[in-house]
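Build out the structure end to end from the sequences listed, making use of the hints.
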Amino acid sequence: MNILIVGPSWVGDMVMAQTLFQCLKQRHPQCAIDVLAPEWSRPILERMPEVRKALSFPLGHGALELATRRRIGKSLRGQYDQAILLPNSLKSALVPFFAGIPKRTGWRGEFRYGLLNDVRTLDKQRYPLMIERFMALAYEANAELPKPYPRPSLQIDPVTREAALAKFGLSLDRPVLALCPGAEFGESKRWPSEHYAKVAEARIREGWQVWLFGSKNDHAVGEDIRARLIPGLREESVNLSGGTSLAEAIDLLSCADSVVSNDSGLMHVAAALNRPLVAVYGSTSPGFTPPLAEQVEIVRLGIECSPCFDRTCRFGHYNCLRQLMPDAVNDALQKLQGSVIEVH
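Each residue of the sequence shown is one higher than the one before, starting from -19 at the first, in the working numbering.
Calculated from the structure, these hints are not laboratory results. Misleading hints may appear alongside valid ones.
Unchecked claim - DSS-like mimics (lysine-lysine), calculated; alpha carbons at most 27 angstroms apart, straight line:
1) Lys71 <-> Lys54
2) Lys5 <-> Lys104
3) Lys5 <-> Lys127
4) Lys178 <-> Lys104
5) Lys178 <-> Lys33
6) Lys104 <-> Lys83
7) Lys147 <-> Lys71
8) Lys147 <-> Lys104
9) Lys127 <-> Lys178
10) Lys33 <-> Lys54
11) Lys147 <-> Lys127
12) Lys33 <-> Lys83
13) Lys104 <-> Lys71
14) Lys196 <-> Lys178
Written out as C-alpha coordinates, the structure is:
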(Lines of atoms letter the chains of each structure in order from A and count residues from 1; the text may use other names and numbers.)
(Lines give C-alpha, C1' and ligand atoms only; values in the text may rest on other atoms or scores of the structure.)
Protein backbone atom coordinates (compact mmCIF):
# COMPACT_ATOMS: atom_id res chain seq x y z
CA MET A 1 0.00 0.00 0.00
CA ASN A 2 1.47 3.34 -1.10
CA ILE A 3 0.20 6.49 0.62
CA LEU A 4 0.80 10.10 -0.44
CA ILE A 5 0.59 12.71 2.32
CA VAL A 6 0.07 16.34 1.36
CA GLY A 7 2.01 17.98 4.16
CA PRO A 8 1.46 21.20 6.11
CA SER A 9 3.31 24.48 5.56
CA TRP A 10 4.74 25.16 9.03
CA VAL A 11 7.69 23.59 10.85
CA GLY A 12 5.77 22.71 14.00
CA ASP A 13 2.86 21.24 12.06
CA MET A 14 5.23 19.09 10.01
CA VAL A 15 6.82 17.73 13.19
CA MET A 16 3.40 16.93 14.65
CA ALA A 17 2.39 15.22 11.40
CA GLN A 18 4.72 12.39 12.34
CA THR A 19 1.99 11.14 14.68
CA LEU A 20 -0.13 10.43 11.58
CA PHE A 21 2.73 8.57 9.93
CA GLN A 22 3.22 6.48 13.07
CA CYS A 23 -0.48 5.59 13.16
CA LEU A 24 -0.42 4.58 9.49
CA LYS A 25 2.55 2.31 10.13
CA GLN A 26 0.74 0.73 13.08
CA ARG A 27 -2.31 0.02 10.93
CA HIS A 28 -0.41 -0.96 7.78
CA PRO A 29 3.12 -2.06 8.72
CA GLN A 30 4.11 -2.64 5.08
CA CYS A 31 2.81 0.66 3.73
CA ALA A 32 5.12 3.16 2.04
CA ILE A 33 4.59 6.82 2.98
CA ASP A 34 5.72 9.66 0.73
CA VAL A 35 5.16 13.30 1.71
CA LEU A 36 4.52 16.10 -0.79
CA ALA A 37 5.66 19.27 0.95
CA PRO A 38 7.77 22.42 0.51
CA GLU A 39 11.49 21.78 0.02
CA TRP A 40 12.37 23.40 3.37
CA SER A 41 10.70 20.48 5.15
CA ARG A 42 13.05 17.84 3.71
CA PRO A 43 15.46 17.87 6.74
CA ILE A 44 12.51 17.14 9.04
CA LEU A 45 11.08 14.38 6.87
CA GLU A 46 14.49 12.77 6.35
CA ARG A 47 14.71 12.35 10.13
CA MET A 48 11.40 10.47 10.31
CA PRO A 49 11.93 6.73 9.80
CA GLU A 50 8.28 6.25 8.76
CA VAL A 51 8.73 8.37 5.61
CA ARG A 52 10.02 6.67 2.46
CA LYS A 53 10.73 9.89 0.60
CA ALA A 54 10.06 13.61 0.62
CA LEU A 55 8.62 14.95 -2.63
CA SER A 56 9.49 18.61 -3.12
CA PHE A 57 6.52 20.84 -3.84
CA PRO A 58 7.78 23.87 -5.82
CA LEU A 59 4.93 26.30 -5.19
CA GLY A 60 4.89 28.91 -2.47
CA HIS A 61 2.25 29.11 0.24
CA GLY A 62 -1.01 30.36 -1.28
CA ALA A 63 0.01 30.07 -4.96
CA LEU A 64 -2.66 28.42 -7.14
CA GLU A 65 -0.77 27.82 -10.43
CA LEU A 66 -3.25 25.28 -11.68
CA ALA A 67 -1.07 24.11 -14.60
CA THR A 68 1.83 23.28 -12.29
CA ARG A 69 -0.41 21.34 -9.93
CA ARG A 70 -1.86 19.41 -12.87
CA ARG A 71 1.65 18.60 -14.14
CA ILE A 72 2.76 17.35 -10.70
CA GLY A 73 -0.41 15.31 -10.32
CA LYS A 74 -0.02 13.63 -13.72
CA SER A 75 3.60 12.76 -12.86
CA LEU A 76 2.33 10.81 -9.84
CA ARG A 77 -0.38 8.83 -11.67
CA GLY A 78 -0.59 5.15 -10.85
CA GLN A 79 1.80 5.34 -7.89
CA TYR A 80 -0.51 5.63 -4.87
CA ASP A 81 -3.49 3.84 -3.34
CA GLN A 82 -4.50 6.68 -1.00
CA ALA A 83 -3.81 10.37 -0.49
CA ILE A 84 -4.23 12.04 2.90
CA LEU A 85 -4.41 15.83 2.96
CA LEU A 86 -3.38 17.71 6.10
CA PRO A 87 -4.13 21.26 4.86
CA ASN A 88 -7.82 22.14 4.55
CA SER A 89 -7.42 24.28 1.43
CA LEU A 90 -8.90 23.61 -2.00
CA LYS A 91 -5.44 23.99 -3.56
CA SER A 92 -4.01 21.12 -1.51
CA ALA A 93 -6.62 18.75 -2.99
CA LEU A 94 -5.72 19.40 -6.62
CA VAL A 95 -2.55 17.29 -6.99
CA PRO A 96 -4.10 14.07 -5.59
CA PHE A 97 -7.14 14.65 -7.82
CA PHE A 98 -5.03 15.17 -10.96
CA ALA A 99 -2.98 12.11 -9.95
CA GLY A 100 -6.16 10.02 -9.99
CA ILE A 101 -5.40 8.53 -6.58
CA PRO A 102 -8.32 6.15 -5.81
CA LYS A 103 -8.91 7.21 -2.19
CA ARG A 104 -8.45 10.87 -1.29
CA THR A 105 -8.95 11.57 2.42
CA GLY A 106 -9.20 14.89 4.25
CA TRP A 107 -11.31 17.11 6.46
CA ARG A 108 -14.11 19.06 4.86
CA GLY A 109 -12.56 22.36 3.84
CA GLU A 110 -13.10 25.06 1.28
CA PHE A 111 -15.19 23.64 -1.61
CA ARG A 112 -13.38 20.31 -1.92
CA TYR A 113 -16.36 18.10 -2.75
CA GLY A 114 -15.47 16.03 -5.81
CA LEU A 115 -11.75 16.59 -5.29
CA LEU A 116 -11.91 14.40 -2.19
CA ASN A 117 -13.92 11.18 -2.04
CA ASP A 118 -13.30 10.37 1.63
CA VAL A 119 -14.44 13.62 3.22
CA ARG A 120 -14.50 13.86 7.00
CA THR A 121 -16.45 16.35 9.10
CA LEU A 122 -14.34 17.61 11.98
CA ASP A 123 -15.79 17.50 15.50
CA LYS A 124 -13.50 19.94 17.31
CA GLN A 125 -14.80 18.85 20.69
CA ARG A 126 -13.92 15.24 19.99
CA TYR A 127 -10.49 16.08 18.57
CA PRO A 128 -9.29 19.21 20.39
CA LEU A 129 -5.58 18.60 19.71
CA MET A 130 -4.01 19.16 16.32
CA ILE A 131 -2.29 15.76 16.50
CA GLU A 132 -5.70 14.13 17.06
CA ARG A 133 -6.96 15.79 13.88
CA PHE A 134 -3.93 14.46 12.01
CA MET A 135 -4.09 10.97 13.55
CA ALA A 136 -7.81 10.54 12.92
CA LEU A 137 -7.16 10.57 9.18
CA ALA A 138 -5.26 7.29 9.55
CA TYR A 139 -8.46 5.52 10.66
CA GLU A 140 -12.03 5.12 9.51
CA ALA A 141 -14.38 8.04 10.14
CA ASN A 142 -15.39 8.48 13.80
CA ALA A 143 -13.00 5.77 15.00
CA GLU A 144 -11.68 5.91 18.55
CA LEU A 145 -8.02 6.88 18.56
CA PRO A 146 -5.83 4.29 20.30
CA LYS A 147 -3.94 5.47 23.37
CA PRO A 148 -1.31 6.25 24.42
CA TYR A 149 -0.80 8.65 21.54
CA PRO A 150 2.49 8.41 19.68
CA ARG A 151 4.98 11.24 20.03
CA PRO A 152 7.08 12.75 17.27
CA SER A 153 10.63 11.43 17.39
CA LEU A 154 13.29 12.74 15.02
CA GLN A 155 16.28 10.48 14.40
CA ILE A 156 19.74 12.05 14.40
CA ASP A 157 22.75 10.80 12.45
CA PRO A 158 25.87 11.21 14.68
CA VAL A 159 28.00 11.87 11.58
CA THR A 160 26.01 14.89 10.44
CA ARG A 161 25.79 16.16 14.02
CA GLU A 162 29.57 16.01 14.41
CA ALA A 163 29.94 17.81 11.08
CA ALA A 164 27.64 20.62 12.27
CA LEU A 165 29.56 20.96 15.55
CA ALA A 166 32.83 21.19 13.64
CA LYS A 167 31.47 23.67 11.08
CA PHE A 168 30.43 26.16 13.76
CA GLY A 169 33.37 25.49 16.08
CA LEU A 170 31.15 24.28 18.89
CA SER A 171 32.24 22.11 21.79
CA LEU A 172 30.27 19.99 24.25
CA ASP A 173 32.73 20.50 27.09
CA ARG A 174 30.02 22.30 29.11
CA PRO A 175 26.23 21.84 29.36
CA VAL A 176 24.31 23.56 26.56
CA LEU A 177 21.25 25.77 27.09
CA ALA A 178 19.50 26.31 23.77
CA LEU A 179 17.34 29.42 23.45
CA CYS A 180 14.73 29.75 20.69
CA PRO A 181 13.52 33.36 21.04
CA GLY A 182 11.82 33.72 17.65
CA ALA A 183 8.32 32.99 16.40
CA GLU A 184 7.26 33.38 12.78
CA PHE A 185 3.63 33.79 13.89
CA GLY A 186 4.21 37.24 15.35
CA GLU A 187 5.22 39.43 18.28
CA SER A 188 2.53 38.00 20.55
CA LYS A 189 4.49 34.75 20.83
CA ARG A 190 7.88 36.32 21.60
CA TRP A 191 9.04 36.41 25.20
CA PRO A 192 11.10 39.62 25.65
CA SER A 193 14.84 39.65 24.94
CA GLU A 194 15.66 41.02 28.37
CA HIS A 195 13.97 38.01 30.00
CA TYR A 196 15.87 35.57 27.79
CA ALA A 197 19.10 37.39 28.69
CA LYS A 198 18.43 36.93 32.42
CA VAL A 199 17.92 33.20 31.93
CA ALA A 200 21.09 32.99 29.85
CA GLU A 201 23.05 34.90 32.49
CA ALA A 202 21.90 32.58 35.28
CA ARG A 203 22.95 29.47 33.38
CA ILE A 204 26.29 30.87 32.24
CA ARG A 205 27.14 31.77 35.83
CA GLU A 206 26.48 28.11 36.68
CA GLY A 207 29.03 26.99 34.09
CA TRP A 208 26.76 26.47 31.09
CA GLN A 209 27.12 27.74 27.53
CA VAL A 210 24.23 29.25 25.56
CA TRP A 211 23.36 28.64 21.91
CA LEU A 212 20.69 30.79 20.24
CA PHE A 213 18.63 29.28 17.42
CA GLY A 214 16.28 30.72 14.84
CA SER A 215 15.87 31.95 11.28
CA LYS A 216 17.48 34.98 9.63
CA ASN A 217 14.53 36.98 10.96
CA ASP A 218 15.59 36.07 14.50
CA HIS A 219 19.25 37.03 14.17
CA ALA A 220 18.73 40.57 15.49
CA VAL A 221 16.82 39.24 18.51
CA GLY A 222 19.69 36.86 19.24
CA GLU A 223 22.19 39.73 19.04
CA ASP A 224 20.02 41.81 21.36
CA ILE A 225 20.02 38.99 23.93
CA ARG A 226 23.81 38.65 23.72
CA ALA A 227 24.27 42.42 23.97
CA ARG A 228 22.48 42.37 27.32
CA LEU A 229 25.11 40.01 28.77
CA ILE A 230 28.11 41.64 30.38
CA PRO A 231 31.58 41.06 28.90
CA GLY A 232 32.92 37.79 30.22
CA LEU A 233 29.50 36.20 30.06
CA ARG A 234 28.70 37.25 26.52
CA GLU A 235 31.60 35.18 25.21
CA GLU A 236 29.93 32.04 26.54
CA SER A 237 27.03 32.49 24.08
CA VAL A 238 26.80 32.05 20.32
CA ASN A 239 24.07 33.30 18.00
CA LEU A 240 23.36 30.64 15.39
CA SER A 241 20.14 32.29 14.16
CA GLY A 242 20.18 32.58 10.40
CA GLY A 243 23.60 30.97 10.16
CA THR A 244 22.51 27.35 10.08
CA SER A 245 20.41 25.37 7.68
CA LEU A 246 17.34 23.75 9.20
CA ALA A 247 19.16 20.40 9.05
CA GLU A 248 22.10 21.82 11.01
CA ALA A 249 19.79 23.49 13.51
CA ILE A 250 18.04 20.18 14.18
CA ASP A 251 21.32 18.33 14.64
CA LEU A 252 22.77 21.00 16.93
CA LEU A 253 19.56 21.31 18.94
CA SER A 254 19.83 17.59 19.66
CA CYS A 255 22.99 18.41 21.66
CA ALA A 256 21.17 20.70 24.10
CA ASP A 257 20.94 19.74 27.75
CA SER A 258 17.97 22.09 28.16
CA VAL A 259 15.90 24.25 25.82
CA VAL A 260 13.85 27.38 26.44
CA SER A 261 11.55 28.26 23.57
CA ASN A 262 8.59 30.33 22.58
CA ASP A 263 5.61 28.49 21.11
CA SER A 264 7.26 27.98 17.72
CA GLY A 265 8.37 25.39 15.21
CA LEU A 266 11.68 24.94 16.99
CA MET A 267 9.78 24.19 20.21
CA HIS A 268 8.22 21.19 18.46
CA VAL A 269 11.60 20.18 17.02
CA ALA A 270 13.14 20.26 20.52
CA ALA A 271 10.27 18.15 21.85
CA ALA A 272 10.67 15.64 19.01
CA LEU A 273 14.36 15.40 19.93
CA ASN A 274 13.26 14.66 23.51
CA ARG A 275 15.27 17.54 24.94
CA PRO A 276 14.34 18.82 28.42
CA LEU A 277 12.16 21.75 27.40
CA VAL A 278 10.65 24.87 28.93
CA ALA A 279 7.94 26.21 26.63
CA VAL A 280 6.87 29.83 27.15
CA TYR A 281 3.28 30.60 26.15
CA GLY A 282 1.69 34.04 25.79
CA SER A 283 -1.07 34.64 23.26
CA THR A 284 -1.48 30.97 22.36
CA SER A 285 -2.52 27.91 24.31
CA PRO A 286 -0.87 24.54 25.04
CA GLY A 287 -4.37 23.09 24.80
CA PHE A 288 -4.15 22.82 20.98
CA THR A 289 -0.51 22.29 20.03
CA PRO A 290 1.43 21.35 23.18
CA PRO A 291 5.02 20.15 22.93
CA LEU A 292 5.00 16.36 22.98
CA ALA A 293 7.90 15.05 25.04
CA GLU A 294 8.63 13.42 28.38
CA GLN A 295 10.42 16.32 30.08
CA VAL A 296 8.42 19.47 29.49
CA GLU A 297 7.55 22.46 31.65
CA ILE A 298 4.92 24.79 30.20
CA VAL A 299 5.12 28.28 31.68
CA ARG A 300 2.37 30.82 31.16
CA LEU A 301 0.71 33.63 33.07
CA GLY A 302 -2.85 32.89 32.02
CA ILE A 303 -3.97 36.51 32.40
CA GLU A 304 -7.57 37.45 31.59
CA CYS A 305 -7.04 38.32 27.92
CA SER A 306 -4.99 35.24 26.99
CA PRO A 307 -5.03 33.11 25.01
CA CYS A 308 -6.21 35.49 22.29
CA PHE A 309 -4.37 33.86 19.35
CA ASP A 310 -3.71 37.31 17.84
CA ARG A 311 -0.42 38.02 16.04
CA THR A 312 -0.11 41.38 17.78
CA CYS A 313 -1.54 42.45 21.12
CA ARG A 314 -4.88 44.20 20.63
CA PHE A 315 -4.18 46.23 23.79
CA GLY A 316 -0.55 46.96 22.90
CA HIS A 317 0.85 45.82 26.26
CA TYR A 318 1.87 42.18 25.65
CA ASN A 319 1.51 41.62 29.40
CA CYS A 320 1.02 37.88 28.96
CA LEU A 321 4.72 37.77 28.08
CA ARG A 322 6.26 40.90 29.58
CA GLN A 323 4.93 40.14 33.05
CA LEU A 324 6.15 36.55 32.86
CA MET A 325 9.39 36.96 34.80
CA PRO A 326 12.68 35.12 34.22
CA ASP A 327 12.51 33.52 37.68
CA ALA A 328 9.52 31.46 36.56
CA VAL A 329 11.50 30.02 33.66
CA ASN A 330 14.60 29.48 35.79
CA ASP A 331 12.46 27.57 38.30
CA ALA A 332 11.00 25.51 35.48
CA LEU A 333 14.47 24.67 34.23
CA GLN A 334 15.24 23.31 37.67
CA LYS A 335 12.10 21.21 37.80
CA LEU A 336 11.44 19.88 34.30
CA GLN A 337 8.94 17.34 35.57
CA GLY A 338 6.26 17.93 32.95
CA SER A 339 3.55 19.82 34.81
CA VAL A 340 2.01 23.13 33.79
CA ILE A 341 3.18 26.01 35.98
CA GLU A 342 0.58 28.72 36.42
CA VAL A 343 2.37 31.87 37.52
CA HIS A 344 0.38 34.27 39.67
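Quick one, are Lys147 and Lys71 close enough, alpha carbons at most 27 angstroms? violated (40 angstroms)
Holds or violated: Lys33 and Lys83, Cα atoms, limit 27 angstroms. Holds: Lys33 and Lys83 sit about 20 angstroms apart, inside 27 angstroms.
Given the hint that Lys5 pairs with Lys127, test it: the Cα-Cα distance must not exceed 27 angstroms. Given pair Lys5, Lys127 holds - Cα atoms ~15 angstroms apart, limit 27 angstroms.
Is the Cα-Cα distance between Lys196 and Lys178 27 angstroms or less? holds (23 angstroms)
Taking only the CA atoms, is the gap from Lys178 to Lys104 under or equal to 27 angstroms? Judged against 27 angstroms, a Cα distance of about 39 angstroms means the pair is violated.
Below or equal to 27 angstroms on CA atoms is what counts here, so check Lys5 against Lys104. Holds, because 25 angstroms separates the two Cα atoms, which is no more than 27 angstroms.
Given the proposed pairing of Lys33 with Lys54, does the C-alpha separation stay at or below 27 angstroms? The hint holds at about 18 angstroms.
Decide if the proposed pair is consistent with the structure: Lys71 and Lys54, CA atoms, cutoff 27 angstroms inclusive. holds (15 angstroms)
Can the restraint linking Lys147 and Lys127 be considered satisfied, given a maximum Cα separation of 27 angstroms? Violated: Lys147 and Lys127 sit about 42 angstroms apart, past 27 angstroms.
Just to be careful, I want the Cα atoms of Lys127 and Lys178 compared with a cutoff of 27 angstroms; is the pair within it? violated (40 angstroms)
Would you check the hint for Lys178 and Lys33, treating anything up to 27 angstroms between C-alpha atoms as holding? violated (42 angstroms)
Would you mind confirming whether the straight-line C-alpha gap from Lys104 to Lys71 stays at or under 27 angstroms? holds (23 angstroms)
The structure fails hints 4, 5, 7, 8, 9 and 11 (numbered hints given earlier, in ascending order).
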